[in-house]
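Student: Per UniProt numbering, residue 1 is the first one in the sequence shown, and the count goes up by one each step.
To be clear, the hints were calculated from the coordinates, so they are not data collected in a lab. Some hints here could point you the wrong way.
[What the hints assert, rightly or not] Distance condition first, Cα-Cα at most 27 angstroms in a straight line; then the derived DSSO-like pairs of lysine-lysine:
#1 201 - 242
#2 206 - 20
#3 190 - 241
#4 242 - 20
#5 132 - 218
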Amino acid sequence: MVSIIIPLYNVENYVIDSLKSAFAQSYSDVDFLLVDDCSTDHTMQIVEEYVLNHPRREAVRIIHHDKNLGLSAARNTGLEQAYGEYVYFMDSDDEITEDCIENLYQAISDSGADWVMGNIELQGASSQHIKKVLERQIEGEEIFLSYLNQEWLEAAWNKLLRRTFLIENELTFVSGLLHEDVLWSYHLAKVSKKVKFIQNKGYIYKVREGSITSTKVKKRVESFAFILSELYPDYSVTPFKKEFSAFFSSLQFVASLLIISSAVPGMEKKALYDSINVWAMPRVGLKSRLLGLPFGVFQLLLALPYKMYKKLR
């Protein structure tokens, strides 16, 4: 059995399309865990009405949080309540193809992998790019190395995972953290023994523009700083120091671009920039060397090109 875990929070405009795609799976041995994270809109009214009239309603469980706890906690709740041999995380504003679970199940059954993933169809942002995975199987340290080299997307969704593997390795999500998938998938890559990639596009990722307020920027940068602080101790023990440094710098760089493109006041920008550049590590690659510049110089060099790029999207 496959347990599909779908956290629900304020998605009244998208949730029906998401559920339609999930319930339309050609693979029949599926149960659906819908985790209500205390929406303030009509999400749950829409969901309950739709489920009540659906032929697969007996395979659906709706779990209610007592208060809003966030995406990480909702996923953890779903994992705790799941009893399928495999679990699949899905966001409630995305969709999956009809044969998504069937293709992934076949791959994990045939390979005996800890988890499998396929390719992604991106909708809503022509300028964004997600690297395609090629059909292959990797094992041992090659999995962690492929993660550091960013050969596959770190998102929790689009992966069919062996449930006992997640539980035995305590692969849960840090509550209250933004960009939680980065830290989760880092630990996932470290402990995985065998992984299978397939070429089928099974997940339809809907990119939606949202307003980025100063408060949101600060929270996102704080989350990046936490993730970096969790990762940094591994530098001294990893055999892949060059790759680790490049990956670490790429996270710092993303956070830095977020800072300079935000409406946060100047001095606060510098403080945020400094907060994600406190770790001593060899400078590997252009991004890393740019991060070695004083904030004023970094902003002068990159703010205008980045804003132009955003406008052209």
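Student: Looking back at the hints listed earlier, which ones does the structure fail to meet?
Tutor: 1, 4 and 5
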